[in-house]
Amino acid sequence: TQLLEQSPQFLSIQEGENLTVYCNSSSVFSSLQWYRQEPGEGPVLLVTVVTGGEVKKLKRLTFQFGDARKDSSLHITAAQPGDTGLYLCAGPKTSGSRLTFGEGTQLTVNP
Amino acid sequence: EPEVTQTPSHQVTQMGQEVILRCVPISNHLYFYWYRQILGQKVEFLVSFYNNEISEKSEIFDDQFSVERPDGSNFTLKIRSTKLEDSAMYFCASSELGAIGNTIYFGEGSWLTVV
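Those protein sequences? They're chains A and B, same order as listed. Count along the first sequence starting at 1, add 35, and that's the number in my numbering. Count along the second sequence starting at 1, add 283, and that's the number in my numbering.
If you're looking for bench data, these hints aren't it; they were derived computationally from the structure. Note that CB positions come from ideal geometry on N, CA and C, so glycine has one too. Don't take every hint at face value.
To be verified - Label pairs and their computed distance ranges (CB to CB):
id, chain 1, residue 1, chain 2, residue 2, range
1, A, K94, B, T288, 24 to 34 Å
2, A, K94, B, P285, 15 to 25 Å
3, A, P116, B, G323, 18 to 28 Å
4, A, I48, B, E351, 37 to 47 Å
5, A, F45, B, I321, 39 to 49 Å
6, A, E50, B, R363, 43 to 53 Å
7, A, K91, B, G323, 39 to 49 Å
8, A, Q44, B, I337, 28 to 38 Å
9, B, K325, A, E50, 24 to 34 Å
10, B, G323, A, I48, 18 to 28 Å
11, A, N145, B, T359, 36 to 46 Å
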């Protein structure tokens, strides 16, 4: 079974601070996706990383895929209250069609 | 922007009743999925559907569950006889191609409460 472990599970910071959340696995993933989920809503895709070592930027969010494609990180610069949410990483099996999700990091940015 | 739409947004049903959750995937997508999320737990894969048949299913997707694409636009999940433990948010999703290397888009979810 391919498992994705996210850390930290909970993170509460002040507006303007920087933060990094991690998504780790002992298995290789062909790609990883990062989603943000609000309470009572579906996951909303932020980014897909495909190539080992890839770095993608989305405004203040920087996503990195590990060289070995076993881990990924999400760095947020100058966090804002609007960044509050559950951040999920997910990846497909190397074969087959299902996505495996991590447990998520619940981020709270306080004004 | 195209999106996956789901109905109903919330349904309360009595244990033992049948429930059908409906989804309209993004129109040019070929792969369709159902996932569920029990309150406070991680999102779990139920089933994937391609070319009018199930391509993969998880151990959760037992004989109580079935999926159907009754016409060119709808994709449904049926739970034949609901149990208390079926209470969860059910997400429909779709992708243009299979999950590997491709983006999966999720609907807003249908919150099912079994009483």
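Check your understanding: Going through the earlier hints one by one, which of them does the structure break, listed in rising order?
Key -> Numbers 5, 7 - these are the hints that the structure violates, sorted from lowest upward.
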